[in-house]
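This is what each chain is made of:
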Amino acid sequence: GEDVEQSLFLSVREGDSSVINCTYTDSSSTYLYWYKQEPGAGLQLLTYIFSNMDMKQDQRLTVLLNKKDKHLSLRIADTQTGDSAIYFCAASETSYDKVIFGPGTSLSVIP
Amino acid sequence: DSGVTQTPKHLITATGQRVTLRCSPRSGDLSVYWYQQSLDQGLQFLIQYYNGEERAKGNILERFSAQQFPDLHSELSLSSLELGDSALYFCASSQAQGSYTFGSGTRLTVV
Numbered sequence: 001g002e003d004v005e006q007s008l009f010l011s012v013r014e015g016d017s018s019v020i021n022c023t024y025t026d027s028s029s030t031y032l033y034w035y036k037q038e039p040g041a042g043l044q045l046l047t048y049i050f051s052n053m054d055m056k057q058d059q060r061l062t063v064l065l066n067k068k069d070k071h072l073s074l075r076i077a078d079t080q081t082g083d084s085a086i087y088f089c090a091a092s093e094t095s096y097d098k099v100i101f102g103p104g105t106s107l108s109v110i111p
Numbered sequence: 112d113s114g115v116t117q118t119p120k121h122l123i124t125a126t127g128q129r130v131t132l133r134c135s136p137r138s139g140d141l142s143v144y145w146y147q148q149s150l151d152q153g154l155q156f157l158i159q160y161y162n163g164e165e166r167a168k169g170n171i172l173e174r175f176s177a178q179q180f181p182d183l184h185s186e187l188s189l190s191s192l193e194l195g196d197s198a199l200y201f202c203a204s205s206q207a208q209g210s211y212t213f214g215s216g217t218r219l220t221v222v
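Going line by line, the protein sequences match chains A and B.
Every letter in the first sequence is one number past the one before it in the working numbering, and letter 102, counting from 1, is 102.
Take any residue in the second sequence, count from 1 to its spot, add 111: that is its number in the working numbering.
Bear in mind the hints are in silico, worked out from the structure with no lab data behind them.
Nothing here was measured: the structure is a model prediction, and the numbers come from that model.
Some hints could be false.
Examples of chain A residues toward chain B, derived with CB under 10 Å [claimed, not checked]:
#, residue
1, TYR31
2, TYR33
3, TYR35
4, GLN37
5, ALA90
6, ASP97
7, ILE100
8, PHE101
9, PRO103
Partial list, derived from the structure: chain A residues whose beta carbon lies under 8 Å from chain B [claimed, not checked]:
#, residue
10, PHE88
11, TYR96
12, VAL99
13, GLY104
Where is the CB? At the ideal position from N, CA and C, for every residue including glycine.
Please take these sequences and the hints and turn them into a complete structure.
Written out as structure tokens, the structure reads:
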């Protein structure tokens, strides 16, 4: 089955860019997601990308997909203290399939 | 408000007891998913229902059961509770576009 991996911690200075990386194993994963979880809260969908895309940009967020290497990244430009949270990479085969989540990357933004 | 409603928000119960968690999906969403989030296991997929039928099963224990009703709300029942069942239980729903929306979760504490 699908396995999603990501580094567990990232620390950046306010105003810098953050890059969170993720790898997945199942090449049949068609939907690749980034979710954000703030302390004590549920998961918020930030963005998703289809496997036939290389890049998707949404305001301060840029998602890059290297399908050959099964590598996904999330870049947050001009990182703010409010971006401190856990970011989950996730994958699914179709829009109705179960979504498999990575362990989450805890992003700390230093003022 | 994500549109996915979970009740109760918090639940404290004793070992050996049975509890039922409820989820109302976003209006129009036919798929409901249940996830368990614990510190040691991360976010684990439990089970998925689509329009009342079980569609996929993940790491769900035999002591746990779920169903989706004709009005599309879903219930997750946990029985013979153990201390290790203490976790956040999330429900999510989805539409065809791949937009997967989570509720705010039910925090279960087994004492």
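Among all the numbered hints in the text so far, which are the ones the structure does not match? none
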